[in-house]
Structure formats: structure tokens, C-alpha cells
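Trainee: From first to last, the protein sequence lines are chains V and E.
The first sequence maps to residues 1 to 357 in the UniProt record's numbering.
The second sequence maps to residues 1 to 357 in the UniProt record's numbering.
In case anyone wonders, no lab produced these hints; they're calculated from the structure.
A few of these clues could be false.
[Claimed, not checked] Taking lysine-lysine pairs in the DSBU-like style, the calculated list, with each CA pair at most 35 angstroms apart, reads:
#1 E:Lys-267 - V:Lys-277
#2 V:Lys-277 - E:Lys-266
#3 V:Lys-267 - E:Lys-266
#4 V:Lys-70 - E:Lys-70
[To be verified] Incomplete in silico selection of chain V near chain E, CB under 7 angstroms:
#5 Gln-8
#6 His-11
#7 Asn-13
#8 Ala-75
#9 Val-268
#10 Pro-273
Ideal Cβ positions, reconstructed from N, Cα and C, are used throughout, including at glycine.
Protein chains: 2
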Amino acid sequence: MREHEYLQCLHFNSLRLPSGGFANMSLPIVLAVDDADKDRIGAAPDVALAGPDGELLAVLRSVEIYPHNKEERIARTWGTTAPGLPYVDEAIAPAGNWLIGGDLEVLQPIKYNDGLDHYRLSPQQLRDEFDKRGADAVFAFQLRNPVHNGHALLMNDTRRRLLEMGFKNPILLLHPLGGFTKADDVPLPVRMEQHSKVLEDGVLDPETTIVSIFPSPMHYAGPTEVQWHAKARINAGANFYIVGRDPAGMGHPTEKRDLYNPDHGKKVLSMAPGLEKLNILPFKVAAYDTVAKKMAFFEPSRSQDFLFISGTKMRTFAKTGENPPDGFMCPGGWKVLVDYYNSLQTEGATAPAAATV
Amino acid sequence: MREHEYLQCLHFNSLRLPSGGFANMSLPIVLAVDDADKDRIGAAPDVALAGPDGELLAVLRSVEIYPHNKEERIARTWGTTAPGLPYVDEAIAPAGNWLIGGDLEVLQPIKYNDGLDHYRLSPQQLRDEFDKRGADAVFAFQLRNPVHNGHALLMNDTRRRLLEMGFKNPILLLHPLGGFTKADDVPLPVRMEQHSKVLEDGVLDPETTIVSIFPSPMHYAGPTEVQWHAKARINAGANFYIVGRDPAGMGHPTEKRDLYNPDHGKKVLSMAPGLEKLNILPFKVAAYDTVAKKMAFFEPSRSQDFLFISGTKMRTFAKTGENPPDGFMCPGGWKVLVDYYNSLQTEGATAPAAATV
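If we strip away everything but chain V, and leave its shape as in the complex, we get (with noise of 0.2 angstroms):
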């Protein structure tokens, strides 16, 4: 981004089309270089950009070098300074002192070689295999976690309730965030593999569901994030987006609390300019229903015969090889997290360090 997209999105969220209307943009997509960067490129018009091993891969044009306020960027983006943001931890605060913008030609697509380049789709591609199956509606579901059964009936209800509404076709787009994430989430290969199963084991069906990996770092950036991730998938091909409680949440880093109204997610996207074509559906509460033994949509007037199964307390059982309660998750995508917690306990008895990934 140039200095004037980069003013746009911290301010506005948004960036002025020629047209006079509005593209949504809530995140900057910024590359920052130090001094001596800075210094090196010095007034050349045009800089390459090469991957880990020097490989070039694409050529920033008439470039722009502009001041990279750190503290402005965050506070205006996450709404806070604490210390202990993880995107901020991770990627912000190494960065250099400034940033670097242009006209980008890309040479060739980034592949990460990591087995999984076939799942990175871009946004045309995703619409190529839109058009390709044949979809009239396509809904997205952000997810960091692995799927259990929960998040199978919401996406299966949702596909129910569009068929109601008279699409003929409605096509899912399970879209893994494939970037950074924290330390204690479950890393991507892993997570793919679970999805994999899910798909195998029929909780979600193959035949109108596409996987691919959204390759975003994740920024736990709450309402701002969460206009970046439906923003994506529209240009994507989606109509529809599935948000949830407190999308992009976390804690907050210092105090006692969620850093984010958890209703704040929900309603700033509602009201975001340029996602007004954006199909809203919220996220229906799903949670263990002990009577039932299964998941299933929680429902207040018998709310003591429901059990709710976080993030945390998954990992925990996966780690300790509890199981959770029947239902809770198709077998072959849970035996692929008991393995991965497995396997870092192995790893942890030689090489303790690694215990903390």
C-alpha cells in the first residue's frame, strides 16, 4: 500500500474508488523495511522482491517510502496498546521503521511448499469453481480451529435455511485461515488434515463444499479484523458470511476482560462501508446437548442440559487423551488431533522446548 491507501484504512476502513464509491479495507497490507533498506533502495524507482531463497518473485514499481508509526497503527487497529497483542508481538514491533508502497507486478504465485499449495486458491480460482459446480449462493465460514460437530450443524443448518430461501445450488466455502496465528492454536497441516477427515467421515459433504486455505495472518483484531475476513470472501465469490460472538476476539492482553464487545464484531460489519452487498448470518449458538448426546443449537429454557466445550478445554482433552463426549466431534478428525498432542508429548520428553508450540 501507498502512504494515501494505508491513511484511508486506518481512518476509514475504507479506500475511495475512482468511481466514488467505497472497497472496504479495514486492514493495512503494508511491507515494512528498516534504515538500511531504506537506505540501500536509496531513490531507485523500482525494488524485487525475492523469497526466503533469493528467488524472484515480484517487482514493487514507482515506489513510495513513508514513516511506519508503529504506535499510531496499532492503537488505531486494535483499539489498544497493551502489550502482548500476538500480531503485534509477532510481526509489528521486529518490523522496520518504515514502509514501503508501489505499483506490484507479480512474477509468479508465492508457493509455500509445504504440501498443502494446492489448497491455497486464489480469489479468482475460488470463483472459477463456484462457476464450475454450479453454485447460486456461496457461503463462507472463517475458522482457526479444527471443526467439530458444532460448526457442522451451524454450516449444514445454513446451507438448509439458503435452500429454504429458494437457492437451488449453495456451495460452502470452508476457508482455514492459513497465516500466523498463536502459539497454543493447532497449527495448520494439522488442522487440515482434521478437515480432511470431517469431509471423509460425511459430517460435511464434499460434493457442496470446497476447502481452502485463506493465507491471512491472523490479527485478533476483532471488528476491525473481522471486515477484513467477510471483505476477502466477497472478492472470493461469497455472498453470504457466517460471523459469530465476538469474531476475531480474544482477551484483552493486561486486564481481566474480552478485549472486544463481543456484540461490537457483528454490528460494525453490519454497518461497514463498501460490504453493503454482504449477506450477514449470524452465528447460532451450538453446544453439547447432554439429553441428546450430540451438538446441537442451545436453547435457553433448558440450558442444564447443555455443556460447552471451548477451544481450550478441547485442547485439553486432546492433550490429556480424554474423550470428549460422544458427538462432540467425527472420530477420524478427532484421531488426528489425539496424534498431534501425542506427538508433541514425544517431542517434549527429548526437546522439552518445543512443548510450548
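Guided by the hints, dock chain E onto chain V, whose structure is given.
Mentor: For chain E alone, coordinates are given in the frame of chain V:
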């Protein structure tokens, strides 16, 4: 403001209009209440708003009460949460943890009874006044300091440029800010007296100038606040807005640097949603020309001839009784400042604590 308006302010600096367009709104206009007030209000649909002497001023109808997350409000408005922001210390930190919004029914115009109410024209009164004077262009000048001849040069030159552009009767709205300012800024009554002298002395032409008080508190919120400064003047009938370096800016409260990039105010203002009709007039820098012995537009080619006299420097002159260079300010206006600082010193001799005012 209700919560949906408050959130739009914080995230988008603009409010979506029923027509589909956007109205610029970068600062939330909110009323904080504390736990005790919230309890007293209970489930009452309507709340009376009373003045300091208990007189009924307005009714807030169909109220809603929502959390006042001060940290988030401050971070998203100022781009920092560093301690020492004047308006935060003055108005936000001591305020309650709830905000109350609703439909405002104003029963009577607010009076300050400070001898300056005749200067407090509503937007409608200002528009009527411009009509009465037959203005075909209105240019607004935001200020919170005494008017020196550099400001006057700028305003008179703007009028000249507007005449050159073909306007027949450009009118200046001299619109000093009347709400909270920093402790070391010159108080409003003194500034209003100084502005009167500037008009009496003919430095500004009373025939083509309207002086009115802008009753907003100063936030010192840079690029976020300058939008409000401009939007409020458009609302009052102005179509040209003069903007300079680092509008509404200040030094960083804890670091040795400007809080905002001095160019960002103008850039953000020029891109802000809902301000498309605003004509921004860039502020030329005026300084004291030691050769011509008057305030003149700075010429970089002979920079050694120019003397920059900051607000701090000006206040030091007035406090110490030293005269500024000839032609810096009209004698009548300067005398107002000298008398004010003399009066402080007299008070200070009997009551030292007052000397910090």
C-alpha cells in the same frame, strides 16, 4: 449518540445516511454517565438534561445505555493511549463508564451567560447571516490563539484569491474554538477581546468578516479532529476551509516528537468520506520578514531573513512585557494580551497557585 453512531464514528469517521451516502463524523458526541446515574435511570425511557443550576435544557428520549470503553475510544480517536492527552485527562478519564444515547429534544438554546453568548451563533444563524450579507463564497478559519498579522495576511490573501477565482463577495468566518483548551492557551474572553481589536484596527475588514464562537472542546486529535473542524464549518455554510501544517496537532505527550505526522491532517481531510464538497485551501506559511519588517509569506530562497514566532514565544513576549517585532500584531490586539498576562502576574503575587492558569 446511540451506540451504532458511536461505533461508526470510531471505526469509519463517518455515519451512513438513509440515502446511502455518508456524513463525515470523526469525533463521537456522547454523554457519559456513572453507575449511580445508570441505576437511577433504570428502565426509564426518557431522561431530562439539566444545566448547572438545575434548569431543564433538553430531554433525551427512548434512551439506550451502553459501555464506555475509554481505552478503545482513546486509542481509535488519538492513535495513542499515552498518558497526558489534555482532553482525555480533562473529560474522558473522569467520566462515567457508560454512555447514554437517544433522540434529543432541545427545550432551549444553551446559554453560557459569560457576556459572549451573542457570539455563539448556531449553524442556521450563521447560514442566515451569510445570506443576509449576500456571500457567494464563505471561507472558514479555525483558531484557538490570538490573531497575529501572519494569520491576517493569510485570511486577506485567501479573500484576494477567491475574488480572482471570480467570486464577487467572499465572506470570512473567523470561528475561534470556544470549548476546552490546554491550560497554557489564552482564555476565550481574552481571545474574543483580541479579535475585536484586530477588526477595530482594520487588520481584518469588519464588512466581510463574521466572528462567531465554535463551541467545541479542543481534542488535540490531529487528523481525526480536523475532519470535525471542517465538517462543522461546512454545516454552518462554509465552502472553503483553510488548513495548515499539523492541524489540531500537539507534541507527543511522552515522546520527543510530534504526535501526528504534520502532513497527515491535510491528507486525511482530503480523502475523508462525506467531505467531498469541501474545498481545502492549503495554508501558506507566514513568518516575520526582518527586511520588510512585517509578517509575510515565507520565501525559502531567503530563509535567513525570516523569523518564526511560535505561540509559546508570543506568550513569553507578552508575559515578560517585551514587545514583539514591529508589525507582528496590531497594537490594540497586543495590548489585550499584555494586560491579560499582567493581570495574571498581579493575581500570582497574591495567589501563587493561579500563576499556572
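Trainee: Identify every previously stated hint that the structure contradicts and give their numbers, smallest first.
Mentor: none
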